[in-house]
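Read top to bottom, the protein sequences are chains A and B. Residue numbering for the first sequence follows this note's numbering, beginning at 1 and increasing consecutively. Residue numbering for the second sequence follows this note's numbering, beginning at 1 and increasing consecutively.
It should be emphasised that the hints constitute simulated quantities derived from the structure, not laboratory data. One should not assume that every hint holds.
Using 27 Å as the maximum straight-line C-alpha spacing, the simulated DSSO-like pairs for lysine-lysine come out as follows [unchecked claim]: (1) B/K99 <-> B/K57; (2) B/K99 <-> A/K70; (3) A/K57 <-> B/K99; (4) A/K71 <-> B/K99; (5) B/K99 <-> A/K94; (6) B/K1 <-> A/K57; (7) A/K94 <-> B/K57; (8) A/K94 <-> A/K14; (9) A/K14 <-> A/K71; (10) A/K94 <-> B/K17; (11) A/K9 <-> B/K99; (12) B/K71 <-> A/K94; (13) A/K57 <-> A/K71; (14) B/K99 <-> A/K83; (15) A/K9 <-> A/K94.
From the derived model, a few chain A residues whose C-beta atoms are all more than 12 Å from chain B [unchecked claim]: (16) R13; (17) Q37; (18) G40; (19) N53; (20) T101.
DEER-style ranges, computed between Cβ atoms [stated by the list, open to error]: (21) A/S80 <-> B/T40: 25 to 31 Å; (22) B/S53 <-> A/G16: 28 to 34 Å; (23) A/K70 <-> B/A79: 41 to 47 Å; (24) A/E69 <-> B/D67: 42 to 48 Å; (25) B/H76 <-> A/G63: 37 to 43 Å; (26) B/G41 <-> A/E62: 24 to 30 Å; (27) A/T104 <-> B/L109: 21 to 27 Å; (28) B/S10 <-> A/K94: 28 to 34 Å; (29) B/I13 <-> A/K9: 28 to 34 Å; (30) A/S80 <-> B/L82: 38 to 44 Å; (31) B/G60 <-> A/T77: 36 to 42 Å; (32) B/R61 <-> A/D54: 40 to 46 Å; (33) A/K70 <-> B/T40: 28 to 34 Å; (34) B/T40 <-> A/Q17: 24 to 30 Å.
In this text, all values refer to a predicted model and were calculated from it rather than measured experimentally. Yeah, the Cβ is synthetic: ideal placement off N, Cα and C, and Gly gets one too.
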Amino acid sequence: DGGITQSPKYLFRKEGQNVTLSCEQNLNHDAMYWYRQDPGQGLRLIYYSQIVNDFQKGDIAEGYSVSREKKESFPLTVTSAQKNPTAFYLCASKAFFGQGTRLTVV
Amino acid sequence: KNQVEQSPQSLIILEGKNCTLQCNYTVSPFSNLRWYKQDTGRGPVSLTIMTFSENTKSNGRYTATLDADTKQSSLHITASQLSDSASYICVVSVTGFQKLVFGTGTRLLVSP
Numbered sequence: 001d002g003g004i005t006q007s008p009k010y011l012f013r014k015e016g017q018n019v020t021l022s023c024e025q026n027l028n029h030d031a032m033y034w035y036r037q038d039p040g041q042g043l044r045l046i047y048y049s050q051i052v053n054d055f056q057k058g059d060i061a062e063g064y065s066v067s068r069e070k071k072e073s074f075p076l077t078v079t080s081a082q083k084n085p086t087a088f089y090l091c092a093s094k095a096f097f098g099q100g101t102r103l104t105v106v
Numbered sequence: 001k002n003q004v005e006q007s008p009q010s011l012i013i014l015e016g017k018n019c020t021l022q023c024n025y026t027v028s029p030f031s032n033l034r035w036y037k038q039d040t041g042r043g044p045v046s047l048t049i050m051t052f053s054e055n056t057k058s059n060g061r062y063t064a065t066l067d068a069d070t071k072q073s074s075l076h077i078t079a080s081q082l083s084d085s086a087s088y089i090c091v092v093s094v095t096g097f098q099k100l101v102f103g104t105g106t107r108l109l110v111s112p
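Let the sequences and hints guide you as you build the complete structure.
And the structure:
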């Protein structure tokens, strides 16, 4: 089954904790993206990577970090520096999206 | 500033009726325009994609139009079904940067 797989579907974070969201694709796409979705707002770009071992900040990169060690994988870490992390996070490659991870701070 | 504006913000229609959603954009340079359907708690799924030279594109009961001169697009849904209840997002791609500019979406509720 081809596509983009995000995990977990739901994630809870305590104050001051780092958490990592997984994104895997088997579409053989070079470019991958992370977006954040908040109610009433359009998707906002956090980070993107156009090739392995290279990535660029998007519009709202502060408090987030990524890595791109393999073409298939583009994990996103939400660090303790992100003061308002509760949101729906979407990973994409080209125009295809994963099913999202809902992150909640508890 | 690159922007995509959608209207209405929300819409309620009766099952079986038609509806049209609007998208205006000020994105330049333009590459293509996509309409996505996003069910609650799920990732967006592409319905149609149109380039500069295309005026209309259909996908089943969904028909998208594009007027590149006025920078407007519409998504027409025919004979709506309960499963059409979702958010519909207009997304414009900027040429050369693979950057997507997202609208805030129209939330459609199809009522029985």
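(request) With a cut-off of 27 Å on the C-alpha distance, tell me whether A/K9 and B/K99 pass. (result) 26 Å, holds
(message) If we take the beta carbon of A/T101, is the closest beta carbon in chain B still more than 12 Å away?
(response) 10 Å, violated
(request) Mind checking the hinted window 28 to 34 Å against the Cβ distance between B/S53 and A/G16? (result) The hint (28 to 34 Å, Cβ to Cβ) is violated, given that B/S53 and A/G16 are roughly 53 Å apart.
(request) Could you see if the CB distance from A/K70 to B/T40 stays within 28 to 34 Å? (result) With a Cβ separation near 32 Å, A/K70 and B/T40 satisfy 28 to 34 Å, so the hint holds.
(request) Could you grab the alpha-carbon distance between B/K71 and A/K94 and see if it respects the 27 Å cut-off? (result) Holds, at about 23 Å.
(message) Taking the Cβ atom of B/G41 and the Cβ atom of A/E62, is their distance within the range 24 to 30 Å?
(response) 26 Å, holds
(message) Given a hint of 40 to 46 Å, does the C-beta separation of B/R61 and A/D54 actually sit inside it?
(response) Since B/R61 and A/D54 have Cβ atoms about 41 Å apart, the given range 40 to 46 Å holds.
(message) Check whether the Cα positions of A/K71 and B/K99 lie no farther apart than 27 Å.
(response) Status holds; Cα separation ~19 Å.
(message) If I take the minimum Cβ distance from A/N53 to any residue of chain B, is it greater than 12 Å?
(response) Its Cβ never comes within 12 Å of chain B, the nearest being 18 Å, so this holds.
(request) Mind checking the alpha carbons of A/K9 and A/K94 for me, to see if they're no more than 27 Å apart? (result) Judged against 27 Å, a Cα distance of about 21 Å means the pair holds.
(message) For a C-alpha distance cap of 27 Å, please report whether A/K57 and A/K71 respect it.
(response) 18 Å, holds
(request) Evaluate the given range 25 to 31 Å for the C-beta pair formed by A/S80 and B/T40. (result) 29 Å, holds
Hints 8, 9, 10, 17, 18, 20 and 22, counting from the list given before, are not met by this structure.
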